[in-house]
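Protein chains in written order, with this note's numbering: chain S, 1 to 249; chain C, 1 to 666; chain X, 1 to 228.
Heads up, a few of these hints could be off.
[Unchecked claim] Derived coverage of chain S by chain C (criterion: at least 3 residues anywhere in the stretch with Cβ under 8 Å from a Cβ of chain C; other residues may be distant):
(1) 25-35
(2) 49-57
(3) 109-123
(4) 151-157
I should point out that these hints are in silico values taken from the structure, not numbers from a laboratory. For every residue, glycine included, the Cβ atom is placed at its ideal position computed from N, Cα and C.
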Amino acid sequence: MMNLTLKIWRQKNADDKGKIVDYPVSGISPDMSFLEMLDVLNQELIEKGEEPVAFDHDCREGICGTCSLYINGRAHGPQTHITACQLHMRSFNDGDTIYIEPWRANAFPVIKDLIVDRSAFDRIQQAGGFISVNTSGNTQDANAIPIEKEHADKAFDAATCIGCGACVASCKNSSAMLFVSAKVSQFALLPQGQVEATDRVLNMVKQMDAEGFGNCTNTGACEVECPKGISLENIARMNREYLAASLKG
Amino acid sequence: MSILDSKIPDGPLADKWTKHKNEINLVNPANKRLIDIIVVGTGLAGGSAAATLAELGYNVKSFCFQDSPRRAHSIAAQGGINAAKNYQGDGDSTYRLFYDTVKGGDYRSREANVYRLAEVSTNIIDQCVAQGVPFAREYGGLLDNRSFGGVLVSRTFYAKGQTGQQLLLGAYAAMNRQIGRGKIKMYTRHEMLDVVVVDGKARGIIARNLVTGEIERHSAHAVVLGSGGYGNAFYLSTYAMGSNVTAAWKAHKRGAFFANPCYTQIHPTCIPVSGDHQSKLTLMSESLRNDGRIWVPKHKKDVEAIRNGSLKPTEIAEEDRDYYLERRYPAFGNLVPRDVASRAAKERCDAGYGVNKTGEAVYLDFASAIERYGKEQAYVKGLDPDDKKVVTELGKKVVENKYGNLFQMYEKIVDQNPYETPMMIYPAVHYTMGGLWVDYNLMTTVPGLYAIGEANFSDHGANRLGASALMQGLADGYFVLPYTIGDYLAHDIRTGPIPTDTKEFDEAENNVRAQIDKLINNKGSKTVDYFHKKLGKIMWNKCGMARNEQGLKEAIKEIAELREEFYKDVMVPGTENEYNEELAKAGRVADFLELGELFAKDALEREESAGGHFREEYQTEAGEALRRPEYQYVSAWEYKGKPSEAVHHKEPLEYENIEVKERSYK
Amino acid sequence: MSGIFKSSVGRKFAMALSAFFLMIFLVMHVSINFTSVFSEELFNNMSHFMGTNPIIQGLMQPILIFGVVFHFIMGFVLEIKNKSSRAVGYAKNVAKDNSTWMSRNMLLTGAVVLAFLVLHFYDFWIHEMTVKYVQGDMSGLVNPNDADSGYRYYDELREKFVSPARVIIYVVSFILLSLHLLHGFNSAFQSVGANNKYVKSLKGFSKVYSIGVPALFVFIALFHHFTH
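Full structure from sequences and hints, please.
This is the structure in structure tokens:
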């Protein structure tokens, strides 16, 4: 069983200034997940008549992309290739002090405490993250176009992005390029995606810039912190696609 | 004669859907622009429905409680999606998929619906590939398949262990295209808290903005619920933390019948509970049973030794292991349907053979798969197939390619390496086959109110086969509802916009506000989680994998008492005019506390064992589920003010194209 | 095509292009300088050619200056924009766990290199420009009136490396240039969209280049300092 000191960002709402508040927690089992540890804290706070700490979470198995905690100076905490909800307390030691902060980026304004608004990501996808095919069921047979396994696998790897925003949070420039490039790459690697490739990349990059994300300087922090290990190669591919599209368009 | 009219079209089974599509009313494109539709939920069913309806020209308003439509819990589905493509040439067909699904559902689903599902299954794959969903492929560039429990063909399409994610992102992309065109108005972080019924028709909803706490009125000509299942009534489940029954339950209270609430799927391969702190359970895909062998030790002394840590599972000799599924069901072995596998695990653990400290875990072992694949690879590569080290290494690689992300997930949670030591698994609540009663058009008993995906009851009977949930969600959303809803809306082209300043909206909004006020001002002494956990314990112990009359009667009483205590003593911090997760949770738990009672009541009424519903009183001598022909009906419950007063209606089930037999996997 | 340089990706691309140009220039520069180590004559001849050829002076030199200025200003503008996209920072941030020091401090290393360039211009370029275009002496001779006095470049070079202080500044600047290149070389490839197996095989070369080129400059400086 562990005793810990938590330093948690508390902010009543978007207009509040916010500050770090210290909370001691005790009796934490190493088998608990990080979010279960926060559950324990919240139950205690509620019982004491205080407001629980608001944080985003849903599936708690690392796939929905909802949880978004900056733990001890790292997006999703000290481990790599997992989300905060997959982090377990056995990664910490008795007596540790743990900082818990929301994602920081102008494009991700804080809603409350540790919850941020990531709708900028949705708007980027709405700008072009799709293939314009009608859902009528009258498409050609799925096996009509064979797709090279290597391309299919790479497209899949890019498509595993969960849209959590860790890339933006950990980038010193708050750049969203890993996120955007994952979607651009998924479609660029598939024949179905070629038709709209030019407009897609131009529109998505335009929306990304309009949302106020910073520019990529290739530090590679995003790739390290991405829970799904999305590769930097995708950013290179997006750059390529974008330059080609600019020459065409 | 039942008051339930399932509206199944006449004619031969295989022609029903085509005939129906030809005969129903259509709305012309210009008129579609005059019609508004509300879709609640953005999972596979809700997301695909919203996208398709918008594409057809309707004005769609889409709601989800998550911060983005992409986060709906369909995203967590792992294994795959079934379709009768017969790409493997192994004898698959629409009829066989239909047959497997009806049999898998223990002859408790509606024939015509299931046949339609099998029929449109192939369209789903075509559709998704066209949308850019990156399904797994073979080296020749064609789509790959794998097999799932309860069937004898390989018809499951997959994208590693993240099929649900890929399909949902496909539907999300289709939605995004329509949001970008202005045809879908998206409301994220909004929770539906009531349905508004005007002149007997569903005409809108009351929703709460979860960020500001604002109560909003939204009107439409039809309301579609794709709000998922209610497994979180058990507190611990593989559902997302936010998954809830509120939308469906409010609809039930407004007149939609709730069908077969007791049919719950308890999935056999989940990571066992590790302690009281546990907030949710994690599924390990059923696809693992393709290669993993399930066993417990044969001898109690080995069980003891394992529990006290003096013996490792890998040290137990082959002949001292009980591969109980292979022993009991030689034909299907480890690939029996979920309900059968779950009960068999429970049977072994109840008999004292559970392999972890709590005695509630069995092994899922990949050692023989690693050896088999390794040997195969050794031959292919011209290496020595008898060199154990080489074989193990090659085999691990194959297994990693197939299940890498699942193994990694397991290791992160349990801190054990499943390549070296067998996984420990135990059943957990995973899916609810029951849901709002719908007719062939997917309309509930409230005109203009539709239920799709897991929120309805129609296709899986008493047990759902693996990889069929994704199929049903997308079938309903892409290919069924968009046709059938037109039949209803064709009468609404002259209605004009539905006003929200009517007495019906007033009443619904007041109803919602009253409940919120009650919860906020209750100022009791116990947290919402306290009640939710307590409800979960009652549900798991008395309405879980095995049920009996006495337990169910106790459950009904205990849940009613717990509900009373909840309203007396629950404590919700904060106010209603802000982001307040506890308030949202309190509302959901309040509904679970009502649903739970109806659940137990339904289980008590059904004096037979079928699929996921196992009544201890009704089993064969070999301990298998005993179905009773007199219960070959759908139970649909009508709300009358309290769960205890719900009125029972029956929709008889008829099987004209399939012979009802004992469901044997031996 | 319009607006490409207003976009984030376009600006990256522009940074990379100017970087490539500057990296090629560095190779030329170090090659010519290195001749001073073994052949005074060759160095003088090449210096004179570079200093008087109209194409080099009239075309290449302005492009180079533009390249330097562009690379610097663009880098600075981007850094400011990037910094300002996170108004509230983290109380605790452990960037060293996910990225290299070099990649996070391009502005710092770049600024030091720029400061050095100012000194360098002061040392060599302003002097050259004054002699050639203000005084109108295009001869390159030690004594413009004496054709046998020989070219002045080599002597001037030796002269500069007498001062230990200057040599230390020189060495420190090139160490920082090396750090700048260690991130910048590969980063430029990534920015123009080249990240495949061929580019990955360049990783070794990029290390050799990023350390080797500045090391040669340092060597030349030390060589002249100690052999004076």
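The hints, checked one at a time:
Counting residues of the segment 25-35 of chain S whose beta-carbon sits less than 8 Å from any beta-carbon of chain C gives 5, enough to reach three: the coverage restraint holds. A stretch counts as covered by a chain when three or more of its residues have a beta carbon under 8 Å from one of that chain; for the segment 49-57 of chain S and chain C the count is 7, and the coverage holds. By the rule of at least three residues with a Cβ nearer than 8 Å to a Cβ of chain C, the coverage given for the segment 109-123 of chain S holds, with 8 such residues. A count of 4 residues in the segment 151-157 of chain S with a Cβ less than 8 Å from any Cβ of chain C is obtained; the coverage claim is therefore met, three being the minimum.
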